[in-house]
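4 protein chains.
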Amino acid sequence: MGNDNRPIKVTVWGEAQHEKRQPEIAKIYPDGMHGAIKTGLENQLGAAAEVRAVTLDDPEHGLTEEVLADTDVLTWWGHMAHDKVDDAVVDRVHQHVLNGMGFLPLHSAHYSKIFRKLMGTSCSLIWRNDAERELVWTVRPGHPIADGVPHPLIVDEQEMYGEWFDIPQPDELVFISSFSGGEVFRSGCVFHRGKGRIFYFSPGDQEYPVYHNKEIHKVLANAVRWVAQPDVHRSGRYTADNAPAGWIER
Amino acid sequence: MGNDNRPIKVTVWGEAQHEKRQPEIAKIYPDGMHGAIKTGLENQLGAAAEVRAVTLDDPEHGLTEEVLADTDVLTWWGHMAHDKVDDAVVDRVHQHVLNGMGFLPLHSAHYSKIFRKLMGTSCSLIWRNDAERELVWTVRPGHPIADGVPHPLIVDEQEMYGEWFDIPQPDELVFISSFSGGEVFRSGCVFHRGKGRIFYFSPGDQEYPVYHNKEIHKVLANAVRWVAQPDVHRSGRYTADNAPAGWIER
Amino acid sequence: MGNDNRPIKVTVWGEAQHEKRQPEIAKIYPDGMHGAIKTGLENQLGAAAEVRAVTLDDPEHGLTEEVLADTDVLTWWGHMAHDKVDDAVVDRVHQHVLNGMGFLPLHSAHYSKIFRKLMGTSCSLIWRNDAERELVWTVRPGHPIADGVPHPLIVDEQEMYGEWFDIPQPDELVFISSFSGGEVFRSGCVFHRGKGRIFYFSPGDQEYPVYHNKEIHKVLANAVRWVAQPDVHRSGRYTADNAPAGWIER
Amino acid sequence: MGNDNRPIKVTVWGEAQHEKRQPEIAKIYPDGMHGAIKTGLENQLGAAAEVRAVTLDDPEHGLTEEVLADTDVLTWWGHMAHDKVDDAVVDRVHQHVLNGMGFLPLHSAHYSKIFRKLMGTSCSLIWRNDAERELVWTVRPGHPIADGVPHPLIVDEQEMYGEWFDIPQPDELVFISSFSGGEVFRSGCVFHRGKGRIFYFSPGDQEYPVYHNKEIHKVLANAVRWVAQPDVHRSGRYTADNAPAGWIER
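Chains as they are written, first to last, in the numbering used here: chain A, 76 to 325; chain B, 76 to 325; chain C, 76 to 325; chain D, 76 to 325.
Any given hint could turn out to be false.
It does not matter which identical chain is used: a pair holds within one copy or between any two.
In silico DSS-like pairs for lysine-lysine, Cα to Cα no more than 25 Å straight-line [as the list claims (entries may be wrong)]:
1. K192 - K159
2. K188 - K159
3. K84 - K289
4. K289 - K188
5. K102 - K289
Hints in this document: simulated from the structure, not taken from any laboratory.
This one's a predicted model, so the numbers in the text were calculated from it and none came from an experiment.
Using the sequences and the accompanying hints, generate a full structural model.
Shown next, in the form of structure tokens:
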């Protein structure tokens, strides 16, 4: 995976609205949630990655064609402003994922336009915000995303996300969480769409310091490495076409 | 599957544009392609199904909320007028599929708005219209959709559809086709989306009398029986919600 | 599924050793665990099924070729005497499952010879016998096995089974359980092997009256209906062979 | 994948009976089929791999505990002597695959003891040895095993392998082949078993010089890289156990 000779280019996308409007959340995330995610990835990946952060309020939400063409992995956190994301930008991101750009939707991004567009389902779930303990259990040991992750990974306080989570059956189910209240959730799910790899990871509500947790950083860094396919993203093979007899290679 | 005490309600959706504009196609399908599909299902299913046909040119394309609420299985054939299908109707069909209505997209419906919305991918493929022989091989014997289907099922003349077919990995791969020209295609694919069952089946170009073929009718009838889940479609359970502690049943 | 005109033939296989040796277990299951499962299925399925029970101590463990040829669905509970099951009987059951006989391994049958032979993995898991509450959550609503099952289904006291459960990724994951102690478990798993359908369901330790629970009976009855494929089991198609050119149907 | 700082250790297992007994095959493969595979991998992987070859006639078939513990990827070709492979060696290989050793069963290895043990099915298929052209089509572009592989890869002469191939549904289907005679075959299949990765690849009959084909070497080399997980194979985590409350990490 990844290109041996240059760093993985990661773009961290942050909605960055809660932090601007709710002082109690700005206190938890003084550099924004995107800032915490960026720092976590930099600490874990060092020279193996170049990480930038962009947000909803940037022109074109920071996701111009130029930026996406230069991105190996896009992480996405959004919640209160899903409907503020421009459809043209959603379509652009969608196209890049199908072309091989890695995609990491996080927590409430389950309801983002781009995740729902990629899944084709409602992506609904049940929830309860009551500072419950979440345990993240590995059900696919040996998967690179689970490498070095505690079993269970313990998040002391977190919003509960529960089943039924209306997604297509994941191509690979890596983590299942339980909560103090007894609910369960498929919290780490791999999907292949087009030539792209997607990893949905649910821990990370804005009201809790989940993205300051080093074990969570470990999962995110593993996931960045695993969904990155720079050579695939930059290849133009396999376009749909009227095909002459004789299998001229495409 | 299906309700033991009443017929499966099938709505056959036809684009019905080629037949109106191209005499050579009207000659193959004097009652429209939807007419041929309807007749084939009636012959196969008899009293076990009630089949109606509606088309693009009907008000709301024939797919009102009332019709869909009274439909257990919707079949879909479209090609030259995908973009004429109203987005509101697409959203309505999408919602019903997620709620449990069976869905059978046929042949060029791979590029319909509704199929692409359900898949989340481009659904592109390669093609060549050269009257080639298609062989449909069963790779999941025991699956109800393959029941009684010849191995291989032979379609004498048909448009070639070839890989790469840009779809999510099917939940169940039932048929793989080969063509005289050597190409292969995943021609019978099951997907589960929401509570609905989807079966994509590729044989059936407008220029060939594929929908007059009794073995093709057999596949379609098997598929209707299998994707029909009348009791599921009419149930309202599992809505997304803020969930109180204590698991009040939903 | 199943044949419309005759009952599903179910064979309940019981190890029936705990009940003979441990009075405290005989007290919970005076007719054996197999007896409780048989009664539960009869109550749920009525005339739709003919249920017989056989046990380890019967000649050939009650699983002669004649019995299996007359069985649509075999349920299996074993624990302390897995290694007493004759390899020839295991091979015979294996062959029938591949031919289309439905198979329902229950709880500690995860370590039975026949389940491990069908899975190809160690089928190991973690466990703790501490009378914990198990919650069984549906993650595949719309699946016939989940029909009418509470969400969650609550088992007041049960042995904990936890991940990592070393099985191939299930073809369909229907239930996930959580336990008071915080662990999670893929407790309802569908596998297709050969032409047969397999449903592994984990609730049901010998020390607790789980098989007297009507909601558990409901799951078992749904599963019997779903894995039964009498017409498939009795068909001889698709034998491996040297294949002449020209696709003589097989 | 793989360890960045040392070569992947590959053990090529060859049955090596045809070459000893049939001069016409020894002529095609003067160094044995294992020799051709070894050379192909060395040419493709260079310093990134250390390749050794062992055969059936070696003590313990060359697969001692010491050799397997020092193997990241095992390739397997067998045909006429499947039943000569000692069950104890099969069990040893099986355990290593579950622990994370990569495994590449080739062509007629579909009927080897070890592949059938890992799959749990009969692994039967149809065949015809008539020097037919095989076309290998990629249905999972973006998968590392398909990297740089022609679409289609053309094998001029080869034994036909056709469906139905009685295997569990592959976790990832990478290649589908067609043959001159019209048959199709799932010719490149990924399975995850335990912590191990398996890739079955069907081209390669003893009567044709398939393992001298550089494009086939490319697939094999890609597959070696992809199934190799040296760090996983050497880790002892996730052993089954009686689990104390409180999730002491395992």
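Here is what the structure says about each hint:
no.	hint	verdict
1	K192 - K159	both (15 Å within a copy, 21 Å between copies)
2	K188 - K159	both (10 Å within a copy, 23 Å between copies)
3	K84 - K289	within (21 Å within a copy, 33 Å between copies)
4	K289 - K188	neither (29 Å within a copy, 42 Å between copies)
5	K102 - K289	within (19 Å within a copy, 51 Å between copies)
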